[in-house]
Amino acid sequence: DAGVIQSPRHEVTEMGQEVTLRCKPISGHDYLFWYRQTMMRGLELLIYFNNNVPIDDSGMPEDRFSAKMPNASFSTLKIQPSEPRDSAVYFCASSLVAVNTEAFFGQGTRLTVV
Amino acid sequence: RKEVEQDPGPFNVPEGATVAFNCTYSNSASQSFFWYRQDCRKEPKLLMSVYSSGNEDGRFTAQLNRASQYISLLIRDSKLSDSATYLCVALRGEKLTFGTGTRLTIIP
Numbered sequence: 001d002a003g004v005i006q007s008p009r010h011e012v013t014e015m016g017q018e019v020t021l022r023c024k025p026i027s028g029h030d031y032l033f034w035y036r037q038t039m040m041r042g043l044e045l046l047i048y049f050n051n052n053v054p055i056d057d058s059g060m061p062e063d064r065f066s067a068k069m070p071n072a073s074f075s076t077l078k079i080q081p082s083e084p085r086d087s088a089v090y091f092c093a094s095s096l097v098a099v100n101t102e103a104f105f106g107q108g109t110r111l112t113v114v
Numbered sequence: 115r116k117e118v119e120q121d122p123g124p125f126n127v128p129e130g131a132t133v134a135f136n137c138t139y140s141n142s143a144s145q146s147f148f149w150y151r152q153d154c155r156k157e158p159k160l161l162m163s164v165y166s167s168g169n170e171d172g173r174f175t176a177q178l179n180r181a182s183q184y185i186s187l188l189i190r191d192s193k194l195s196d197s198a199t200y201l202c203v204a205l206r207g208e209k210l211t212f213g214t215g216t217r218l219t220i221i222p
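Keeping their order, the protein sequence lines are chains F and U.
The opening residue of the first sequence carries number 1 in my numbering; numbering runs sequentially from there.
The opening residue of the second sequence carries number 115 in my numbering; numbering runs sequentially from there.
Hints in this document: simulated from the structure, not taken from any laboratory.
Just so it is clear, the structure is predicted and the values come from calculations on it, not from any experiment.
Possibly wrong hints are sitting among the right ones.
Stated by the list, open to error - The calculated lysine-lysine pairs, modelled on PhoX-like cross-linking and capped at a C-alpha distance of 25 Å, are:
#  : chain 1 : residue 1 : chain 2 : residue 2
1  : F       : Lys78     : F       : Lys68
2  : U       : Lys159    : U       : Lys116
3  : U       : Lys209    : F       : Lys78
4  : U       : Lys209    : U       : Lys156
5  : U       : Lys193    : U       : Lys156
6  : F       : Lys24     : U       : Lys159
7  : U       : Lys193    : U       : Lys159
8  : U       : Lys116    : U       : Lys193
9  : F       : Lys24     : U       : Lys156
10 : F       : Lys24     : F       : Lys78
11 : F       : Lys78     : U       : Lys156
12 : U       : Lys116    : U       : Lys156
13 : F       : Lys24     : U       : Lys116
14 : U       : Lys159    : U       : Lys209
15 : F       : Lys68     : F       : Lys24
16 : F       : Lys68     : U       : Lys193
Put together the whole structure using the sequences plus the hints.
See below:
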């Protein structure tokens, strides 16, 4: 299995632009998580899905952020409009079931908003 | 107060030494705990689960103290390859909450 696949690996964009991050979870995994990592705040859970349904989006910082999972093999995290404080590494992770099983992370997307 | 707190370090430890990290969690409803390892500019990966009775995996030992709400990780006979950031993780419901990590550097 190729693991969790994220694209792009790096993204540099100007403030105000729309940014779309993509994730392909491991086939057969029921859960998909979006995390953001910064030096100051560490890994923060933004939103997670179970069987393509958003379960908890309380970590989404504000309305500029949105996430979708149109099918079991694809999810997007969109930031519109982007701001410099959104600069971070965004990780997608998937797991078979959330309880007591390993979460497998993608390699992350390093986002820089200038 | 953060839900999971760790000493950020850095811990600079000579090769072959034993090193221990502690982590505290604030929500007593957390039901499971883990240690993840993250190498520089890489994704986090599961190192080991933490059980109430304590568990060992080779040179690594994890302990959980529910009464005091802390978790520990002990690394014996440390290797250069152990250099990484170690993330303490608590599971509550379906949500994994990560500490900010403890950075470890093993010195030759």
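**Q.** Ascending list of hint numbers which this structure does not respect
**A.** 8, 13 and 16
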